[in-house]
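Novice: Sequence:
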Amino acid sequence: MSDLLTGLNPPQAEAVLHDEGPLLVLAGAGSGKTRVLTHRIARLIGERGVPPWAILAITFTNKAAGEMRERIVDLVGPVGREVWASTFHSACVRLLRREADAAGLPRDFTIYDADDQARLMRQCLVDEDMDPKRFAPRAVLGQISDAKNRLRGPEELAAEAGSFSDEAVVRLYRRYQQRLAAAGALDFDDLLMVTVRMLEADEATRNRYQSRFQHVMVDEYQDTNHAQYRLVRLLGAPQDNVMAVGDDDQGIYSWRGADVRNILDFERDYPGAHIVALEQNYRSTGTILRAANAVVALNHDRRPKKLWTDAGDGEPLAVAGFRDEHEEARAVASEIDRAAAEGTRLDEIAVFYRTNAQSRAIEDQLVRRRIPYGVVGGPRFYERAEVRDAMAYLRVVANPGDVIAFTRAMGAPKRGVGPGAVAKLAAFAETHGLGIAAAVAQADMVDGLTAAQRRGLAPVGRLLADLDQAARAGLPFDQLVRMAVDGSGLRASLETEGTLEAQGRLENLDELISVAGEYQASSDDPSLQGFLDEVALQSDADTVDQETGAVTLMTVHNAKGLEFDVVMMTGMEEGTFPHSRSDTPEALEEERRLCYVGMTRARRRLGLTHAETRGFRGSREYRLPSRFLAEIPLSDTRSTGRSGARRTEAVMPRSAPGSRPGRQVAAPARFDQGDAVVHATFGEGVVTAVESRGSLVRVRFADDGTERRLMAGAAPMRKVETA
DNA sequence: ATTCAACGCTTTTTT
DNA sequence: AGCGTTGAAT
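My numbering runs 39 ahead of the 1-based position in the first sequence.
Hints are computed from structural coordinates only; laboratory data are not their basis. Please read these numbers as outputs of a predicted model, since none were measured by experiment. Using N, Cα and C, we set each Cβ at its ideal position, and we do this for glycine too. Errors might be hidden in some of the hints.
[To be verified] Here are the simulated lysine to aspartate or glutamate pairs, EDC-like style, with alpha carbons at most 16 Å apart: (1) LYS102 - GLU573; (2) LYS453 - GLU534; (3) LYS453 - ASP525; (4) LYS344 - ASP287; (5) LYS463 - ASP486; (6) LYS345 - ASP287; (7) LYS102 - ASP581; (8) LYS345 - GLU318; (9) LYS102 - GLU602; (10) LYS758 - ASP714; (11) LYS758 - ASP711; (12) LYS453 - GLU536; (13) LYS463 - ASP483; (14) LYS344 - GLU318; (15) LYS758 - GLU723.
[Unchecked claim] Here are the computed distance ranges between Cβ atoms for each label pair: (16) TYR321 - SER250: 34 to 44 Å; (17) THR623 - TYR421: 28 to 38 Å; (18) ARG247 - ALA221: 26 to 36 Å.
Required output: the full structure, derived from the provided sequences and hints.
Specialist: Rendered as structure tokens:
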């Protein structure tokens, strides 16, 4: 009991001791919020008699949920397992599977991920006879996602629609929902929206869950979107025992609908809310903290706060500039060797970058130096084509209506059955009231198929039937996956290929079989549906394993919630970080928060690197040091290599809060199409195009005939003749 | 009708 | 650089 409070500072204890009513915990980076969360839950269970299953604790990743559950079990014993600790999405799936009837869903509904969504949307564009050039599937899906995050269905969106293209999106939205429903599928955003709608519409179900969940707790509250906010309100009512934990300085997901206002307006939404601020940092050195604070303090849309530590200053931040990303990567590798030689474990070292593509140069060097590393993100295991191909067979078995999975399965391996043949099968299924999988078994009856296609389809029909039977008979999942891999001919076709790449794919398929076996062994209640759900809701962050003995590479976004002794932030350049697409004041503030998140992951040592040129989409671009480097107090840094903070300041004036990115600062020389130019490295050339309002120019060089994109303001290039 | 080869464009971040 | 779409070959 009192041991639940040992070692806690006064505000932490205050939060842990809070019993009933809304509670907002403003938890600065490294201030021990997870401890507060778990200890409070333990206290509610152990001392206040709250049943564990009456507590809903929402975390940002499945992994965080699992860790929280473990810590609660450590504190209160095995009953702690009964706490509903999960992500928003997992909690919604759990609810929806249980209440499928109330939600108006088929019990075996499928979850569509980004790839499935894009394929489905492409079909919708065809339906609506629209040009995928003009309406990029991803862009349309983005708008639909925004709408869903705001709980707007097609009709509500129609009411908001103004322009012609808005109306097009509404039509596509409507069609998209129809196709989803026909496939018995929900996309990620539906999981939230449908849950909210069900709870709002069905009083009995709502009452049941409201009385069940006596306490609702949400971590990373600054990153909740409107649908999530509604869900918390609904489940928290009427007692409003809602605990929100978060930090407005760490809101980095506004692009996916997160609204920092949720945390800023908590007191308004929950009158009488008790507020606790955790401002003592237990993680980083004074220098790291001071530097991170200095950067984020330039934002004006934030709650003022004063994070502090009683740890010493530690070492200065290392800021270093390099010629290009390869030299940068070499330095990063050397730095890792140095830290390791000093006794730092490799799994206490992390390298961050803004975009996934940047990992490549670093990986190359680490491989060369034989430094073990792991990459979080990038091409995910479950998103690899061959893995999706194999999974498609299981998905069809779980939900015969899933057209997307069906189309995929038909095309992999190649058996001469493409979209045309699938459409015929679908039409046949439709007119005969069959599932599309059943239609395959009767491919002989389908008009318009070639003899080769009939021959190809017959075994697939048998395979699907066999898989279905095996699944019903309770065959273990690894066997099931093996059946799909072998029976479909996926394995055979890769073996025939015989290339190194095919070899890798085969390994991935074997890996999938063993993952399925692990699921079988570790799940309380294994089911095909459960396996598919887990695969769909798996995130990159869930795969972070900090005890691997390897260096970790990841994007700054993925670093949220983690900490390392040594952190290196690479690519600290204008256009890279802050990213060139973040060109509004709001977006820039988010970049700054992202920078803050990255910096505050470091416990002892923080290095920041930048390169003067960076290979980008095939060509080479010039990069100025990031403004964020100039925002760090000079006295806290030690600069080496080309440039560093000192030079940054010379090039760029300190930016005021909310100022625009530095592209204006450098007053780009004006180039027009047709101008003849001379470049220090590439020689003479002609401007072929001007982009981005004049800050980028394309130049075709006479020496090697190549065309390069250059930053007008930064490239060592002058005009020799006006067009 | 499917598959293969070249062309052109680009998502930054992800549950 | 890689992907997906487009146009030509099977």
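Novice: Each hint needs a verdict: does it hold in this structure or not?
Specialist: How the hints compare with the structure:
no.: 1; hint: LYS102 - GLU573; in the structure: holds (12 Å)
no.: 2; hint: LYS453 - GLU534; in the structure: holds (14 Å)
no.: 3; hint: LYS453 - ASP525; in the structure: holds (14 Å)
no.: 4; hint: LYS344 - ASP287; in the structure: holds (10 Å)
no.: 5; hint: LYS463 - ASP486; in the structure: holds (8 Å)
no.: 6; hint: LYS345 - ASP287; in the structure: holds (13 Å)
no.: 7; hint: LYS102 - ASP581; in the structure: holds (5 Å)
no.: 8; hint: LYS345 - GLU318; in the structure: holds (6 Å)
no.: 9; hint: LYS102 - GLU602; in the structure: holds (15 Å)
no.: 10; hint: LYS758 - ASP714; in the structure: holds (7 Å)
no.: 11; hint: LYS758 - ASP711; in the structure: holds (10 Å)
no.: 12; hint: LYS453 - GLU536; in the structure: holds (13 Å)
no.: 13; hint: LYS463 - ASP483; in the structure: holds (12 Å)
no.: 14; hint: LYS344 - GLU318; in the structure: holds (8 Å)
no.: 15; hint: LYS758 - GLU723; in the structure: holds (10 Å)
no.: 16; hint: TYR321 - SER250: 34 to 44 Å; in the structure: holds (38 Å)
no.: 17; hint: THR623 - TYR421: 28 to 38 Å; in the structure: holds (34 Å)
no.: 18; hint: ARG247 - ALA221: 26 to 36 Å; in the structure: holds (30 Å)
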